[in-house]
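Trainee: Here is how the chains run, residue by residue.
2 protein chains.
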Amino acid sequence: MQATPRVAQALRLNLAHSFSTCARLQGASGLKINADRLWETLHETCKWGESHRYGEKTTETGMARLTLTDDDARVRRWLAAEVEKLGCTLSVDQMGNMFARQPGKLKSAKPMTAMGSHLDTQPRGGRYDGILGVMAALEVLRTMKDNGFSTNFDIGIVNWTNEEGARFPKSMCSSGVWAGAVPIQKAWNLQDIHNPDVKLRSELIRHGYLGELPCDATSGFRLGAHFELHIEQGPILTDSGRSIGIVQGAQGYRWLAFTIKGKDAHTGTTPLSARQDPLLAASRMIAASNDIATRHDALASTGILKVPSNASTNTIASEVTFTLDIRHPLDDVVQAVQKKCLEAFTRIAAQDGKGVTFDWTLETDSPAVRFDKGCIASVQEAADTLVGPNGSMPLTSGAGHDSVYTSKHCPTTMIFVPCKDGVSHHPTEYCSPEHCALGTQALLESVVHYDSFRLSQGTEV
Amino acid sequence: MQATPRVAQALRLNLAHSFSTCARLQGASGLKINADRLWETLHETCKWGESHRYGEKTTETGMARLTLTDDDARVRRWLAAEVEKLGCTLSVDQMGNMFARQPGKLKSAKPMTAMGSHLDTQPRGGRYDGILGVMAALEVLRTMKDNGFSTNFDIGIVNWTNEEGARFPKSMCSSGVWAGAVPIQKAWNLQDIHNPDVKLRSELIRHGYLGELPCDATSGFRLGAHFELHIEQGPILTDSGRSIGIVQGAQGYRWLAFTIKGKDAHTGTTPLSARQDPLLAASRMIAASNDIATRHDALASTGILKVPSNASTNTIASEVTFTLDIRHPLDDVVQAVQKKCLEAFTRIAAQDGKGVTFDWTLETDSPAVRFDKGCIASVQEAADTLVGPNGSMPLTSGAGHDSVYTSKHCPTTMIFVPCKDGVSHHPTEYCSPEHCALGTQALLESVVHYDSFRLSQGTEV
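One line per chain: the protein sequences are A and B, in this order.
387 is the number that our numbering gives to position 387 of the first sequence; each next residue is one higher, with no gaps.
380 is the number that our numbering gives to position 380 of the second sequence; each next residue is one higher, with no gaps.
Honestly, I wouldn't trust all of these hints.
Pairs count within a copy or across copies, as identical chains cannot be separated in the list.
[What the hints assert, rightly or not] Okay, derived cross-link-like pairs now, BS3-like style, lysine-lysine, Cα gap no bigger than 25 Å in a straight line: (1) Lys408 x Lys32; (2) Lys110 x Lys85; (3) Lys261 x Lys339; (4) Lys263 x Lys373; (5) Lys306 x Lys263; (6) Lys261 x Lys85; (7) Lys186 x Lys107; (8) Lys261 x Lys110; (9) Lys354 x Lys170; (10) Lys107 x Lys261; (11) Lys306 x Lys261; (12) Lys107 x Lys47; (13) Lys85 x Lys306; (14) Lys110 x Lys306; (15) Lys199 x Lys186; (16) Lys57 x Lys306; (17) Lys263 x Lys105; (18) Lys105 x Lys340; (19) Lys85 x Lys186; (20) Lys107 x Lys145; (21) Lys57 x Lys47; (22) Lys199 x Lys408; (23) Lys145 x Lys186.
The set of hints was computed from the structure by calculation and includes no laboratory data.
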């Protein structure tokens, strides 16, 4: 309904009819998700945490459902009740991760095929990031139950705790603990950013979400696969007129922090040749990093630049700090861009006046991730059936997701659907009912396809 | 004593002997200032306001003598007493400007030849900026009295109120009122930056410095000429091995404030081609402004750049603001640099991704000033006698001074002496005893020479 003209056209071309009534949401499974129920359920549960109204419609608000707040606890209790209605077994681990498990026909002890995402949001977040993935998973199970359909292997839902890291500052926090990348004591001790007396663990206890099950990929709740439906959070699908992104993996990225030191000086009395101007040098460095990234088809971005608070129009600052975020699907390219940037920065530091000095630290190093070929093939198959070969495209996730951590321990991939103008982490974040439904149908088709694939590999897979 | 090797060498070459004993401070006047008395008086009076100690010596502190504070009032009362001891008449105008007048031989009613500067400092200022000019003027009058020397026309001292604009935010505030460039009500209503209840006028009253005399170049205390000795506040004299700067005028300058608007976006999910990155654009603009200024032999400087306070490493900012300070001795060049910058900025705004928009405002427009040829000739004559033709150089003032305003109404020039490393507006600001003495002797020679020049023009001049 609010899709851009290009997307609307793409949908018409690929889907032959509007599927606002779900008439054409038909894949190989023979099942059809209920688009209206999905939309209503998603927005009904947004009453817990809705905030930042920007329009008159009921759905025209953002969300402020920070992890383990009262509103987050309310939606958790609601989800627990819903999955139990469906006949699922619910497990909660020591990080409050919620695992709902629906038995398959094989009654296999093998780990379930999971559909996971998160119900927490940024303080000025939207109604789709994470929420869509969990609500879609629920709709998939509801559709299966409506149709008396059972997968071969067990199937289920995961709600990962504190994905956003907005209240307790560690993104993908609990999938990180599950994957063994974040020590549980460190995660438990995370402090509420506004109240250091409140810890993540104390909030788990307060809401009754400190489970006994270890939060561990091998000794805790194991997963046979992890599929995550998510809004793209970027403009690529919209700009290319595609409606499904088949996520091949996650970009590698490195975050560097630079400090450029010069000397404060009067702008009127100091010749250019006598200056040591760190803001001029930083400006040239930022421009150079963009040029280098462009040549490597990579991303280089500066989000933060600081000059001292006593800066004035007629004083050259003595010191400037800035961040540099370098990304590419290949780690080698990330490294190459970093190397070229450091070489350029060294030249720039000596370039103007009497030169500046700089040093830098590596703040974050997140290597590239390749998702599982079998999972990707299942999503490709689902997309081909639903939107045809021109309706989908391979994408690499630019942002971090719980799936990056699950991919370390089980076959994983993600499905992206367009969000309006690529906007996320903002109240106006928007994914149309059509795209929510399409993504959910693709999720259903993918897990059904993957379930068959697992069977084809033998019941021991 | 703390002069750099190059300056020390220059002094040796030009002055034949060290003049730390003032043995060689001999110009055409036949008078010789007392360098020790000058140094001692200057630093003795810095007890009122000394702050920010940086070394062990008595003189190794900065100053925090903000205008019309108790310390400023103390040094004003001390100055009043000293000039009265010399036989001067003291006048105080409605802005608290202090005019000390010593009668000349002619008993002429013509306005006096003034030696002026200011006794107020920045909150983290030094012991020489402004203070040297007033103390040097006092030493000139003391030297004349010691020698029974009288000028033809009246001569005297001006202490201008609130030159720094650091407490009441208007630089060259009271010379500006005197020159008719700043309305007195506006100046009187200036608020203390830390306490809006305290106004400049209420502080004048509190200290007894709200005079009855109009603060006006024509209807108030008129000046026949204005000579100001000041530290250079830049590195040009030191770097060129000269010890006297003969100031030809003041640079024109324009202060522009730019706002660059883009769109916030995730650094990991937004391709470069889809971005509207205002920090990247601002960086390219700052770099371009420097390149343009270099080609025009002008100055272009950015002192302030701000990104929103919620900036993060992985978010492209939505808006960036920065300042641009363009300077050159010729207004035409200032205008040309501004024009070229705006043209370049327009190109840059469209250059990356989906482009950004920008607007700008002119915050300050200060046209170039040419000082008086007669005054300049007197300083040149003094310099040639004291340091020879290789010991001085013509300079253009890069900073604002009270002399810029006095030049609108009376023949004016300035004398610059080197300050260590070009540093000013900082506690470590330093002018050696030798340079303080040399500048003071040059001031004496200049006013005596100008006094003769006035006489040569007839007593009606």
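Trainee: Against each hint, give a clear statement of whether it holds in the structure.
Mentor: Here is what the structure says about each hint:
Taking identical chains as interchangeable, the C-alpha atoms of lysine 408 and lysine 32 are never at most 25 Å apart, the minima being 32 Å within one chain and 85 Å between chains. Taking the shortest Cα distances, lysine 110 and lysine 85 sit within 25 Å of each other inside one copy (23 Å), while across copies they are farther apart (103 Å). Taking the shortest alpha-carbon separations for lysine 261 and lysine 339, only the intra-copy value of 21 Å comes in at or below 25 Å, while the best inter-copy value is 31 Å. With identical chains, the CA atoms of lysine 263 and lysine 373 are never at most 25 Å apart, being 54 Å at best within one copy and 36 Å at best between copies.
In this assembly of identical chains, lysine 306 and lysine 263 lie within 25 Å of each other by CA distance both inside one copy and across copies; the values are 15 Å within and 19 Å between. Taking the shortest alpha-carbon separations for lysine 261 and lysine 85, neither the intra-copy value of 62 Å nor the inter-copy value of 50 Å comes in at or below 25 Å. Proximity of lysine 186 and lysine 107 under a CA criterion of 25 Å is satisfied in neither setting, with 37 Å inside one chain copy and 86 Å between copies. For the homomeric pair lysine 261 and lysine 110, neither the shortest alpha-carbon distance inside one copy (58 Å) nor that between copies (54 Å) is at most 25 Å.
Within a single copy, lysine 354 and lysine 170 get their C-alpha atoms no closer than 41 Å, and across copies no closer than 32 Å, so neither meets the 25 Å cut-off. Proximity of lysine 107 to lysine 261 under the C-alpha cut-off of 25 Å is found in neither arrangement, the shortest distances being 65 Å within a copy and 58 Å between copies. In this assembly of identical chains, lysine 306 and lysine 261 lie within 25 Å of each other by CA distance both inside one copy and across copies; the values are 12 Å within and 18 Å between. For a Cα distance limit of 25 Å, the shortest separation of lysine 107 from lysine 47 qualifies neither inside one copy, at 37 Å, nor across copies, at 90 Å.
For a Cα distance limit of 25 Å, the shortest separation of lysine 85 from lysine 306 qualifies neither inside one copy, at 53 Å, nor across copies, at 53 Å. In this assembly of identical chains, the alpha carbons of lysine 110 and lysine 306 never lie at most 25 Å apart, being 52 Å within a copy and 55 Å across copies at closest. In this assembly of identical chains, the alpha carbons of lysine 199 and lysine 186 lie at most 25 Å apart only when taken from the same copy (10 Å versus 54 Å across copies). Taking CA atoms no more than 25 Å apart as the test, lysine 57 paired with lysine 306 passes in neither setting, with 39 Å inside one copy and 36 Å between copies.
Taking the shortest alpha-carbon separations for lysine 263 and lysine 105, neither the intra-copy value of 72 Å nor the inter-copy value of 50 Å comes in at or below 25 Å. Taking the closest pair of Cα atoms, lysine 105 and lysine 340 never come within 25 Å of each other, the shortest separation being 56 Å inside a single copy and 74 Å across copies. Within a single copy, lysine 85 and lysine 186 get their C-alpha atoms no closer than 35 Å, and across copies no closer than 75 Å, so neither meets the 25 Å cut-off. For the homomeric pair lysine 107 and lysine 145, the shortest alpha-carbon distance inside one copy (17 Å) is at most 25 Å, but the shortest distance between copies (113 Å) is not.
Taking the shortest Cα distances, lysine 57 and lysine 47 sit within 25 Å of each other inside one copy (13 Å), while across copies they are farther apart (69 Å). For a Cα distance limit of 25 Å, the shortest separation of lysine 199 from lysine 408 qualifies neither inside one copy, at 27 Å, nor across copies, at 67 Å. Proximity of lysine 145 to lysine 186 under the C-alpha cut-off of 25 Å is found in neither arrangement, the shortest distances being 40 Å within a copy and 78 Å between copies.
Of the numbered hints given earlier, the model fails hints 1, 4, 6, 7, 8, 9, 10, 12, 13, 14, 16, 17, 18, 19, 22, 23; all others are met.
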